[in-house]
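The residues making up each chain are set out below.
There are 4 protein chains.
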Amino acid sequence: MSDPLIIAGKTYNSRLIVGTGKYASYQQNADAARAAGAEIVTVALRRVNLSDPGKEILTDFVKPDEFTYLPNTAGCYTADEAVRTLRLAREAGGWNLVKLEVLADQKTLYPNMPETLTAAKALIADGFEVMVYCSDDPVYAKMLEEAGCCAIMPLGSLIGSGLGIMNPVNIRLIVEQTRVPVIVDAGVGTPSDAAMAMELGCDGVLMNTAIAAAKDPILMASAMKHAVIAGREGYLAGRMPKKMYADPSSPLAGLI
Amino acid sequence: MSDPLIIAGKTYNSRLIVGTGKYASYQQNADAARAAGAEIVTVALRRVNLSDPGKEILTDFVKPDEFTYLPNTAGCYTADEAVRTLRLAREAGGWNLVKLEVLADQKTLYPNMPETLTAAKALIADGFEVMVYCSDDPVYAKMLEEAGCCAIMPLGSLIGSGLGIMNPVNIRLIVEQTRVPVIVDAGVGTPSDAAMAMELGCDGVLMNTAIAAAKDPILMASAMKHAVIAGREGYLAGRMPKKMYADPSSPLAGLI
Amino acid sequence: MSDPLIIAGKTYNSRLIVGTGKYASYQQNADAARAAGAEIVTVALRRVNLSDPGKEILTDFVKPDEFTYLPNTAGCYTADEAVRTLRLAREAGGWNLVKLEVLADQKTLYPNMPETLTAAKALIADGFEVMVYCSDDPVYAKMLEEAGCCAIMPLGSLIGSGLGIMNPVNIRLIVEQTRVPVIVDAGVGTPSDAAMAMELGCDGVLMNTAIAAAKDPILMASAMKHAVIAGREGYLAGRMPKKMYADPSSPLAGLI
Amino acid sequence: MSDPLIIAGKTYNSRLIVGTGKYASYQQNADAARAAGAEIVTVALRRVNLSDPGKEILTDFVKPDEFTYLPNTAGCYTADEAVRTLRLAREAGGWNLVKLEVLADQKTLYPNMPETLTAAKALIADGFEVMVYCSDDPVYAKMLEEAGCCAIMPLGSLIGSGLGIMNPVNIRLIVEQTRVPVIVDAGVGTPSDAAMAMELGCDGVLMNTAIAAAKDPILMASAMKHAVIAGREGYLAGRMPKKMYADPSSPLAGLI
Numbered sequence: 001m002s003d004p005l006i007i008a009g010k011t012y013n014s015r016l017i018v019g020t021g022k023y024a025s026y027q028q029n030a031d032a033a034r035a036a037g038a039e040i041v042t043v044a045l046r047r048v049n050l051s052d053p054g055k056e057i058l059t060d061f062v063k064p065d066e067f068t069y070l071p072n073t074a075g076c077y078t079a080d081e082a083v084r085t086l087r088l089a090r091e092a093g094g095w096n097l098v099k100l101e102v103l104a105d106q107k108t109l110y111p112n113m114p115e116t117l118t119a120a121k122a123l124i125a126d127g128f129e130v131m132v133y134c135s136d137d138p139v140y141a142k143m144l145e146e147a148g149c150c151a152i153m154p155l156g157s158l159i160g161s162g163l164g165i166m167n168p169v170n171i172r173l174i175v176e177q178t179r180v181p182v183i184v185d186a187g188v189g190t191p192s193d194a195a196m197a198m199e200l201g202c203d204g205v206l207m208n209t210a211i212a213a214a215k216d217p218i219l220m221a222s223a224m225k226h227a228v229i230a231g232r233e234g235y236l237a238g239r240m241p242k243k244m245y246a247d248p249s250s251p252l253a254g255l256i
Numbered sequence: 001m002s003d004p005l006i007i008a009g010k011t012y013n014s015r016l017i018v019g020t021g022k023y024a025s026y027q028q029n030a031d032a033a034r035a036a037g038a039e040i041v042t043v044a045l046r047r048v049n050l051s052d053p054g055k056e057i058l059t060d061f062v063k064p065d066e067f068t069y070l071p072n073t074a075g076c077y078t079a080d081e082a083v084r085t086l087r088l089a090r091e092a093g094g095w096n097l098v099k100l101e102v103l104a105d106q107k108t109l110y111p112n113m114p115e116t117l118t119a120a121k122a123l124i125a126d127g128f129e130v131m132v133y134c135s136d137d138p139v140y141a142k143m144l145e146e147a148g149c150c151a152i153m154p155l156g157s158l159i160g161s162g163l164g165i166m167n168p169v170n171i172r173l174i175v176e177q178t179r180v181p182v183i184v185d186a187g188v189g190t191p192s193d194a195a196m197a198m199e200l201g202c203d204g205v206l207m208n209t210a211i212a213a214a215k216d217p218i219l220m221a222s223a224m225k226h227a228v229i230a231g232r233e234g235y236l237a238g239r240m241p242k243k244m245y246a247d248p249s250s251p252l253a254g255l256i
Numbered sequence: 001m002s003d004p005l006i007i008a009g010k011t012y013n014s015r016l017i018v019g020t021g022k023y024a025s026y027q028q029n030a031d032a033a034r035a036a037g038a039e040i041v042t043v044a045l046r047r048v049n050l051s052d053p054g055k056e057i058l059t060d061f062v063k064p065d066e067f068t069y070l071p072n073t074a075g076c077y078t079a080d081e082a083v084r085t086l087r088l089a090r091e092a093g094g095w096n097l098v099k100l101e102v103l104a105d106q107k108t109l110y111p112n113m114p115e116t117l118t119a120a121k122a123l124i125a126d127g128f129e130v131m132v133y134c135s136d137d138p139v140y141a142k143m144l145e146e147a148g149c150c151a152i153m154p155l156g157s158l159i160g161s162g163l164g165i166m167n168p169v170n171i172r173l174i175v176e177q178t179r180v181p182v183i184v185d186a187g188v189g190t191p192s193d194a195a196m197a198m199e200l201g202c203d204g205v206l207m208n209t210a211i212a213a214a215k216d217p218i219l220m221a222s223a224m225k226h227a228v229i230a231g232r233e234g235y236l237a238g239r240m241p242k243k244m245y246a247d248p249s250s251p252l253a254g255l256i
Numbered sequence: 001m002s003d004p005l006i007i008a009g010k011t012y013n014s015r016l017i018v019g020t021g022k023y024a025s026y027q028q029n030a031d032a033a034r035a036a037g038a039e040i041v042t043v044a045l046r047r048v049n050l051s052d053p054g055k056e057i058l059t060d061f062v063k064p065d066e067f068t069y070l071p072n073t074a075g076c077y078t079a080d081e082a083v084r085t086l087r088l089a090r091e092a093g094g095w096n097l098v099k100l101e102v103l104a105d106q107k108t109l110y111p112n113m114p115e116t117l118t119a120a121k122a123l124i125a126d127g128f129e130v131m132v133y134c135s136d137d138p139v140y141a142k143m144l145e146e147a148g149c150c151a152i153m154p155l156g157s158l159i160g161s162g163l164g165i166m167n168p169v170n171i172r173l174i175v176e177q178t179r180v181p182v183i184v185d186a187g188v189g190t191p192s193d194a195a196m197a198m199e200l201g202c203d204g205v206l207m208n209t210a211i212a213a214a215k216d217p218i219l220m221a222s223a224m225k226h227a228v229i230a231g232r233e234g235y236l237a238g239r240m241p242k243k244m245y246a247d248p249s250s251p252l253a254g255l256i
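Protein chains in written order, with the UniProt record's numbering: chain A, 1 to 256; chain B, 1 to 256; chain C, 1 to 256; chain D, 1 to 256.
These aren't lab readings, by the way, just hints derived from the structure by calculation. Among the clues, some could well be false.
It does not matter which identical chain is meant; a pair holds if it fits inside one copy or across any two.
Calculated cross-link-like contacts (lysine-lysine; reagent style BS3-like; alpha-carbon spacing at most 25 Å) [what the hints assert, rightly or not]:
id	residue 1	residue 2
1	K215	K242
2	K121	K242
3	K142	K121
Quick caveat: nothing in here was measured; it's all calculated off a predicted structure.
Generate coordinates for the entire structure from the input sequences, incorporating the hints supplied.
Written out as structure tokens, the structure reads:
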């Protein structure tokens, strides 16, 4: 079954985007990204160490010719800061497809939505293709879509919390109204969380901690690959109706 | 990774057992079983039509040399009835590995646990390998294990309801105490339900309606195959801890 | 509104039964029972200290002329033990209305259902009015009702766990089929848990730890009194239907 | 126990605010408000019929000397419209304490948060005391508090949906950070929902449909009164810890 994910005109076969934080090593990170079947990896632009040539660098392991790099603005707390960061990154690396996040505070790492919208508009006017981390408020998700974002990335729950999809109603409402890809970003903790996000009709899932902080990140990456496929196929296949009472499976089946 | 499921001394690579009821046709049933990657199919022994040679028969499609047939006693409401049914089946078809279910009533299709235990003891004494459909009561699950059942099959929720795992605490308690395989039987409605069962540490999942009553049973079968793998690998990989507040993924990652 | 709870022919105005374990003192226990508006208190018969006349005794505080004493068999692990304990209690104190619990093991404190049914039958034959702690299996609940128990007391979750009602479907099924009072026993942790039990149609709630282990047991007892009333009235009042989309409250209201 | 709710300097004993929509009659509305023990009722200012002197009017039944009227801007879709509506209302009726809601669309009735914040600032500058209906985004809730709103009123779920508190984590985060009263507005369907909102530490609950659309609105109003008290007392009393395994209540209690 051909069921590609198309973001900003480019086609991907994987619906699982992975991060590049919290891994024990770049090697482990690369192995996990491969086990996840990921085609896109997201990378924080802040605190980039360009100065120490003796240190290992991510790109030697998670190779840009193997994965699409999706630079993100994690750690930016204002629209200005995010826009400036991405402009610098474009000059340095040529990245045009970016993940915008403008955070509100360190306790929640929730997005500051007005700053996010401001930054999105500025970046889009500047020619960027903007995938945008946002709250699960369908109203703001619509504004971001109307501003021209190429993917809406609502949070499932707190970044790094592993609490799963707190509000499936909001995710459903966002999916129903959105014509660009909807990718749950933040909160997924388990394969069943990832499957649930996809069963709600999301087009993809982005995760970092669920893989990086598992006891065996490589195996969890594989688990998540299967979970995203499972949820996607389950969504397309159309689930059985729920029932209040039992309904026999077997009586009509004949053995021989 | 080699991670076989061993039931009654025989090794399986798939942890998903599928049913043979409610499908539009035997052909669809066979296609779904293959898409699910199933090695075992369960078949109801009651109301077996042996008499009409002109009608299609299941075994022409879901072939016994391709799948392990697991005869079940769906539709039996007493220990006697279940035991008698399985003895006849063994004489006819040689099946020794069986799935025992003794139902209490048509509204819930819940097991009658005392009758189930009585039947299990009789069958085990008679040389059967008994996989047993049971309530999610860990106390009774222990009695069935001590009686010699080769797999404990607690219900997730009502048969055919698609309500998922109603009581994960009970499934967890059963998993913790049981040394033979624990296979959730009944209630799974979605891939995420199946993944969740496996994440609780179950050794497998049996389902019928979730696949057969999906809009596209073949695609749902594939979804469930991936979901069971996802949940199994997720369990083995060890999930990240849940957190009450946010935890940043990205700040430590360097881009270049 | 007159809405009494009738157990074994006797009428009660309160639907909240409280325990007598884990309190800091008998005085606190009595104060909590009063704050809860309880008319029935349950008391464990095992390890009764009859021998030390210098020690405080429960009945000086939680007075038998103020509360109906409901002796229970907590700590009994066989039918024999439970029956013997209750016979002794009846000889000593004249109690005929009893709460039967036959436990399976110390880790779960779940009931041993076959032993419970055996004990119930013996006690009923012996003239006792038996309220019975049981699993949430509707099939066994029916057997206990048919055996003549005067109240069915399914567990919401593990005793002392505060996990709430794990399986509302099973509680609903028990409520629908049962003609004697159904009283959730074990698992309630919060007022909302207690309200939920009552909203499912239960006739009452029994709790101990949720009150005794609260930071302020007296205030929690009052909270639970209100919660049980809230849930009962909510059940009788008939809840609004759930909706998938918004439905305006206000537009039709005129101000002046 | 004295535990008043103070909003904009005024003290209330009830923590339950009720609406004035969807009732069968103004008489029923008034009876429900009394059964709820409400001191504040909220009334939509839009579509106010001032012109037909022959028709019954709300104030003849839900009397302004018996209840504090809280005018709301339900049906307003822009900041301008909401501000204008409230200014007219102040001129006409003298209301200074108001409930601001600026809606985004009819399908969700979710707030348009940027318009809401704009309106809140304008109204506060204009001397209004603004209680504000908002999303459950803690970041925006903080902005509204910093703008000077006198109560933060996050939605539990869709208006009129009865789905309860979809995201308890967000409500908890809002409660933890907010120094003015937090009042859940929208979504409550059952007494247990209301209790849960209060157990999260909210200062009050506003509801309309849960009462008005119950089969017996007067009885449901009473249920909700008890539920809010239950949840409040439960919050103050401090819940027992949750446990993974059983913990016996009874063994230490002595009978006589």
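Checked hints:
no.: 1; hint: K215 with K242; result: between (35 Å within a copy, 14 Å between copies)
no.: 2; hint: K121 with K242; result: neither (42 Å within a copy, 35 Å between copies)
no.: 3; hint: K142 with K121; result: both (13 Å within a copy, 24 Å between copies)
Hint 2 from the earlier list is the only one contradicted by this structure; the remaining hints agree with it.
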